[in-house]
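These are the residues of each chain, in order.
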Amino acid sequence: MSGHPTRQEDFELYALGVLEGEERAALESHAASCAECTERLGEAQGRIALLALGAPRVDVPAGAKERLLQRVRGEGAAAAAPAVFAPPPRATTWAKEDAPRARAGILGGWWNAVLVPVTLGLLIVCVLLWRQNDIVEKVIDEQRKEVAHLQKQLEYQRRVADVMEGPNVLNVALRPMPGMPKGDATVHYNAGKGKLVYDGWIEPAPSDKSYQLWVVPKDGSPISVGVFNPVTEDRASWIASLPEGVQAKAFAITLEPAGGEDQPTGPQILVGNGS
Amino acid sequence: MRISYGAALGVSSKAGPAAISSDAALVNRVAERDELALAALYDRYAGMLFSVLHRILRDTQAAEEILQDIFFQLWRTAKEFDPKRGSLPGWLTVIARNRAISRLRRHRPEQGDELEECNIAMPCTLETAAAQQQLIGRVKAVLMELPAEQRATLELAYFEGLTHSEIAQRTGDPLGTVKTRIRSAVEALKSRLRT
Chain A
99 MSGHPTRQED FELYALGVLE GEERAALESH AASCAECTER LGEAQGRIAL
149 LALGAPRVDV PAGAKERLLQ RVRGEGAAAA APAVFAPPPR ATTWAKEDAP
199 RARAGILGGW WNAVLVPVTL GLLIVCVLLW RQNDIVEKVI DEQRKEVAHL
249 QKQLEYQRRV ADVMEGPNVL NVALRPMPGM PKGDATVHYN AGKGKLVYDG
299 WIEPAPSDKS YQLWVVPKDG SPISVGVFNP VTEDRASWIA SLPEGVQAKA
349 FAITLEPAGG EDQPTGPQIL VGNGS
Chain B
28 MRISYGAALG VSSKAGPAAI SSDAALVNRV AERDELALAA LYDRYAGMLF
78 SVLHRILRDT QAAEEILQDI FFQLWRTAKE FDPKRGSLPG WLTVIARNRA
128 ISRLRRHRPE QGDELEECNI AMPCTLETAA AQQQLIGRVK AVLMELPAEQ
178 RATLELAYFE GLTHSEIAQR TGDPLGTVKT RIRSAVEALK SRLRT
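Residue numbers (our numbering), protein chains in the order written: chain A, 99 to 373; chain B, 28 to 222.
Heads up, some of the hints might be wrong.
Stated by the list, open to error - Partial selection, computed: residues in chain A whose CB lies under 7 Å from chain B:
#1 Val116
#2 Gly144
#3 Val158
#4 Ala160
#5 Glu244
#6 Gln255
#7 Ala259
It is worth saying that the hints were derived from the structure and are not from the lab. A virtual CB, placed ideally from N, CA and C, is assigned to each residue, including glycine.
With the hints as constraints, model all of the structure from the sequences given.
As structure tokens, then:
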């Protein structure tokens with residue numbers, strides 16, 4: 099293959115691993131010297147990687163994460179151990195000198211000359227260890243807080259998965275209206291369970307305004323899902339409850355007076371059709 | 028109706044609704060030896076990876092071994108990973124599949140292969156549980172829409188790592204038929220999963 103592959107799917111076939119012999123070698127040798135084809139190959143690999151999501155869901159064995167973290171800590175401890183826990187050289191000297199303690203009186207000044215620096219050395223080691231212990235306790239405390247935070251995240255992800263289960267979940271992309279603040283969001287709406295997951299970002303609103311997400315039912319007036327005031331453009335995700343069984347025909351985010359309104363009054367910022 | 032933001036992802040009062048750490052931010056923290064960032068990435072992707080590993084190997088212990096090795100590699104080499112050049116879940120998934128198939132076929136991957144997998148561009152984000160769930164639903168729906176023989180052939184290729192001729196040998200179908208099925212399945216995947 100001296101030029102680009104003639105068929106676009108050749109990249110996917112390569113990523114899938116089904117090409118053999120000359121076909122495979124030709125694509126490899128061409129891609130190695132062609133930046134455009136290397137990029138296309140990366141995109142094809144990404145698309146083929148999505149097939150992994152077709153595998154039946156199997157839970158990770160209990161304790162697997164902890165085993166990984168122990169392995170990680172083990173590596174760290176192995177690297178750090180000599181610096182933190184190695185006995186100071188003077189301790190060895192002290193041990194060797196312990197046996198002839200009974201002869202101290204006879205040895206006199208020589209003994210003191212050894213004992214004083216050893217004692218001082220041990221004191222320094224004790225202080226260092228005490229400080230080290232203090233630092234370790236602070237780190238552990240911070241890690242406890244982080245673990246609690248991660249547990250909250252995990253619990254949230256379970257709740258999201260619960261919302262997403264079911265035969266008639268609507269996944270609707272909300273797109274920005276022309277001339278309005280930028281943003282991009284998706285809502286996942288399970289009418290049967292009366293739950294909605296919002297996942298997206300939007301430019302922060304002016305300080306006297308709030309964004310308000312609405313479900314527009316097939317029959318009746320818009321229903322407020324929630325009022326929010328992002329202060330950054332980070333993605334955010336949250337779950338809201340609605341009356342069960344409301345069939346949605348659209349979703350919209352409007353800009354409202356701070357705190358929101360009972361019915362939409364401001365301009366539509368992001369909009370998506372539900373059916 | 029007001030939203031209870033406190034129930035969302037680790038809400039910061041300053042940030043309003045929950046801010047989700049991006050893969051890039053977490054990888055940077057892992058590079059700085061932050062175990063909690065590694066744990067967060069594990070929570071995010073271990074389920075997806077373990078499922079594909081288990082599907083390929085059908086062996087829980089072997090699947091966990093590879094899963095742990097991959098995250099341990101991420102821990103050790105996070106500095107070398109540039110999220111701007113490629114997708115983290117793409118890289119994780121490709122490496123997981125390569126290693127599982129290598130084990131299945133009892134050969135070691137060629138050295139250097141994995142470093143070349145850094146530029147994988149996934150067509151979508153998988154950083155939130157909602158995004159993952161949505162995409163899982165779409166991929167499964169697309170697979171179910173394929174004719175049964177196309178789906179089975181594609182699965183032999185992806186989950187068992189068989190080449191065109193190996194699939195033909197395994198199924199007894201003509202090589203040309205196998206090639207046509209795979210190409211058609213790939214075309215369908217591309218067009219229906221386009222975002």
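query: Does Glu244/A meet its interface restraint, that is, does its C-beta lie within less than 7 Å of any C-beta in chain B?
result: holds, 4 Å
Cut-off 7 Å, beta-carbon criterion: hint that Ala259/A touches chain B: With a closest approach of 6 Å, the Ala259/A hint holds.
Given hint Ala160/A near chain B, where the shortest CB pair must fall under 7 Å: violated, 11 Å
task: Identify whether the interface hint at Gly144/A stands, where standing means a beta carbon of chain B within less than 7 Å of its own.
output: holds, 4 Å
query: Against chain B, with CB atoms and a cut of 7 Å, does the hint on Gln255/A hold up?
result: holds, 4 Å
query: Can we keep the Val116/A interface hint, with Cβ of chain B closer than 7 Å?
result: holds, 5 Å
message: Restraint: Val158/A near chain B, CB-CB cut 7 Å. Satisfied or not?
response: Constraint on Val158/A satisfied, holds at 5 Å.
The structure fails hint 4 only (numbered hints given earlier).
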